[in-house]
Amino acid sequence: MMEIFNNPLIYFVIIPLLTLLGLAFCNNRGMRAIRAVAVTGAVALVALAIYLVCLFLQARAAGDTSEMILQSKVMWYAPFNIELALGVDGVSVVMILLSAFIVFAGVFASWKMNPLPKQFFLWFFLLSTGVFGFFISIDLFTMFMFYEVALIPMYLLIGVWGSGNKNYSAMKLTLMLMGSSAFLMLGLIGIYFHSSADGNLTMNILEIAHNDAIPHQWQLYLFPLTFVGFGVLGAMFPFHTWSPDGHASAPTAVSMLHAGVLMKLGGYGCFRIAIYLMPFAASELAWIFLTLTGISIVYGAFSACVQTDLKYINAYSSVSHCGMVLFAILMFNTTAMTGAVLQMLSHGLMTALFFALIGMIYGRTHTRDIRDMGGMMHIMPYLGVGYVIAGLASLGLPGLSGFAAEMTIFFGSFENADVFRRVLTIMGASSIVITAVYILRVVAKLLFGEVQDEHHRTLTDASWDERLSTATLIVSVAIIGCFPNFFVNIISDSFLPVVNALKDYFPVAGM
Amino acid sequence: MNLTLLMYLIPSLIMFGCGVYGFITRKNMIAIMISLELMLNSVDINFVVFNRYLFPGQMDGMFFTLFAIAIAAAETALALAIVINVYRAAKNVDIEQIRKLKF
Amino acid sequence: MPLSYTIAVIAIPLFMFLFLGLAGVKMSRKLTGVLGVIAMAVTTIIAYGVALTYFFGTGQDQVGADGVRQAVTVFNPAWLSFTDTMVVRMGILLDPIAAMMLIVVCTVSFMVHLYSLGYMSDHDGNAEQGFQRYYAYLALFTFSMLGLVVATNLFQIFVFFEMVGVSSYLLIGFYYSSPAANHASKKAFIVTRLADLFFLLGIMILSYYTQTFDFSQLVFGANGANDMAVAQSAIASAGGATFLGCSVMAWALTFIFIGGAGKSAMYPLHIWLPDAMEGPTPVSALIHAATMVVAGVFLVARLFPLYVLEQGAMEIICVVGAFTAFYAAAIACVQSDIKRALAFSTISQIAFMMTSLAVSSSNSAMIEIHGGTGLGYMASMFHLFTHAMFKALLFLCAGAIIHAVHSNENDKMHGLHKFMPITSIAFLIGCLAIAGIPPFAGFWSKDEILVAAYHKGFFWGLWMSMVAGMTAFHMFRIYFLIFFWKKHEIHTHHAPKDQPWTMTLPLIILATISIVAGFVPAHDLVTWNGKALETQLDWTVAGSSVLIALIGIALAYKLYYKENDLPERMKNGALGLWTAAYHRFYMDELYQFITHKVIFQGICVPIAWFDRHIIDGFFNMLASATGSASFAIRRLQSGSIQGYVYVYLLGVLLLAAVTMLCVLI
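Protein chains in written order, with my numbering: chain A, 1 to 511; chain B, 512 to 614; chain C, 615 to 1279.
In silico DMTMM-like cross-links for lysine to aspartate or glutamate, where the CA-CA straight-line distance does not exceed 25 Å:
hint, chain 1, residue 1, chain 2, residue 2
1, C, 1176, C, 1023
2, A, 503, A, 493
3, A, 166, C, 1230
4, A, 445, C, 742
5, A, 445, C, 1203
6, C, 1211, A, 369
7, C, 1185, C, 1202
8, C, 1101, C, 1023
9, C, 1211, A, 372
10, A, 445, C, 1202
11, A, 166, A, 148
12, C, 1211, A, 309
13, A, 73, A, 493
14, A, 503, A, 207
15, C, 640, A, 461
16, C, 640, A, 465
17, C, 1101, C, 1025
18, A, 503, C, 698
Please keep in mind that the hints were generated in silico from the structure rather than gathered at the bench. Being a predicted model, the structure only gives us computed values, none of them experimental.
Use the sequences and the hints to build the structure in full.
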């Protein structure tokens, strides 16, 4: 029982919980104390995440080729074989790293949170607990539990601290995601009851994958349930509409965490549970979801072209980019899947950066309508430059993260020789042009040109906390963009088990 | 003249009918309470009468009736207090108008 | 100088970009400019050292046992691994054209750095706002362009294609307050991005079959020079697969060419280049005249052996190039904005280079069989080199003039010869060079292009000669309109005069290069297979081309030297044609229509509507259906006790009735 505390992974859940406890002792007038606790928690998470990457590299360098490292488990509820089972592979390691950085940046982005800062940070860290818990678990039930823990705080975070039509958005977001959880839960229960051929049912993903006992007929029912369940969170067309409204109403840090990390839960779940555990159905039904995600990519990009609200533009852009994640995962080869994870990293960081900047601009101008703004580059050069960098990352400039990710995806997808996937790949690749259109449109409208509103001339540039928050993200984006191979090496081996599982059903082209 | 059971029950039934009618149709809370009392009292009468005719030697029904009267009194006091408070808050005791706690 | 010093050539501009970009704001404007110039000077010196070592050194590195000049890979670490075989590397490769491009890029970039010290300042020598940013961007561009030319693999070229695209975007939009600059920068980026999409598809197809990006496995033979046998096996790796009747490799190469055509402003992707003139003039000289716009030519030259083997792709290049050359030259004849006229002239000249590469194939495809020469390849690269020099010169002159009179329109200029003699002479040298008058640089290179074109066929030769004549005409038209025509009317406070030394010195240097560059022995140095090429002047072609150029100049002299009404009469004589050419044959309007009316109004707006009303509407409908169902049921729960009692009573009566019935029956 106690051995689990020797596993560093458990601290990804304990640290946010301790932070919660610390925050509980603060009160709303003591902003300083709240900040101190929040920053301590965030820094500890970042440090732990970096330590985890080192551990992972060390283990791999030492020749540890096991699928997951740092595994440990504790029986939690024996009648249903629910365990607290921990373990990480390359994909989870980079996802944890991403989450830690975004939580860190998010704390600084909500430095001047008002009103009720204490409660805000409480929910914020509860959400983080869920996110980290999800990434470290390899047990279906605990994963689902942490998934829900990550989702529910969104309702309050948007409903209380949001802006605009926040009640509608919070309700819509929560209901749609809860609806998808219902599918997901059915799927997970179904998987559990077919998890083993000899009656020793289990919730442990690795064991289920090892048993490979889910009957093909059942896979065909359960795969869509799980895939859609996670896909909704990954903003898959046509279940993406919670995302524009949700993002538009959410406060800055929540948008960051949501687009940056929470949407990744979807992609991660699709890969880890839906495809890994049900390779037969995945290869049978891939065409449906490939079509949907292919549509997402182009559709999101086209929709973003005509939006006038900054957050809507980025929300639709997220639909397009996250569509690319699911799209790549469904391409079933190591290259494309690696690209998908790179894209998750890249999208997480750059969208977080976008939302941070938008929040900071909105906090000053009190409008997000690009028609009312212009010439911001004159007024707030730091934020302007940040926005341009985020934009360039988004449209795939080499040296920033988006490029490496998208190229890996396209080249990986193109390895599949069939016409259907080729056509979709070309369609997806065409989004790089549309992305350029909407990014440059908003950059030109918002930052360049003459100042539209004379009141804006008196606004100030970023303060130090805002600079720190954005600089963290910009540097991360640049590091991924400049040294993608570092991440590729961590990630790519983790896909071997999945690709091997798929091999029986899907002739993987090229490699 | 020999009083039969029916001669007690018929007025009691009329009383109860009046109570029900009043309860359903009146809009004034006080009137509703009066109707309620009417129903209660008609039930009390039934209680006593049935006790007298069915189990002549026993007093259980009598005691229960006394009990019911006492509780009814307490309940009326409580209800009246609520009505007075409602009146203070809303300047009104018409139940059609008092619907703040609905939905 | 060891060839590995090339790393410094790449690294210094990158460092300067980061340094000036991050710390520039804290420094004085002048200081950043001076630092930028010094760094560029150092870069240029190293680049010259490396290139000269490469060309004239005798080390084992660059000259193989058979006397062939080899491609030398200096540095080649993996950057991004797609699969075990498909690994993107970021490296440095020196071969004749890369070394030549190092010289071109560094020379022009250094000149522009120096020139900008003066140009980006007002008349009192105070640096403009954004000076630091300007130098940071210049350094970024220089880095990207150098990275492009030394690329070791196709993907690296693609990466740096994007980088130069972004630098170009940033520099065109340097005056970001101006809507025109904004619009132009967006247009430039999006058009070239569209082309890059095709480039990407081309790389995907090519790499799918060959499983590599590296030039060393695509085009370079064992001896490190371009090798047909290697290209042959690369083409053969497709196994003769076809798509829509053409071989997939032809598709791939055509797509790659489209990528190059976007950067090199070939018709119909040329529309961004004239607008790109909204950027500062030195930038136009550097990016949109001398270096970035020839990236497409460079790309095709890089993959030359592959193109040779896919004649279909080569024919497309030939037709597109020849048409663009003519089309742009025609438009250049009527433009009133001098930078735009120069831009169209640039397009025409780049098309010349493209065509030259394409006509070259008909010789070199049969190299093994008929002993052809690959003349066009050499001519194209040579013209790239000379053109960079004299076109940069022309643009910098134009910049000096614009700086003096504060306008781009030639009707604000006229008669400047008296006021700005140095600029005038430098401009004249540039015009003579581009017109192809011996002994100026353009003569030598253009002559070889024409020879190559006549090799392909009489039609192509004649066509290109005609374009050369038009070039002479439109360049001298601008020259006469700016410097003569009529007496200058002074519009501004002070009379225009030659600009400070920082701006004049580059003019003099470039003018000198433009005079002598023709004598560079290009046929020894930049041939397609590294072997020296035996050429001699073909006097029939040379004589006729000089004659045509002189006719063009004479015509321009007649029409534009002195103010007269002949041009106006000619314009009215063919008003329709004139207007169409002045409006660039309405290509921009066509694009405008496609992007705004078709894509924006026809696709984006309906999709957004669909999203809000159909998809979102569906989910909202689900919600509201649930809501109204609940509201409907809510009636039952009215909260009115009297209602409940009534229902209860009815229920009781009903029950009683049922019971009675049961009892009775």
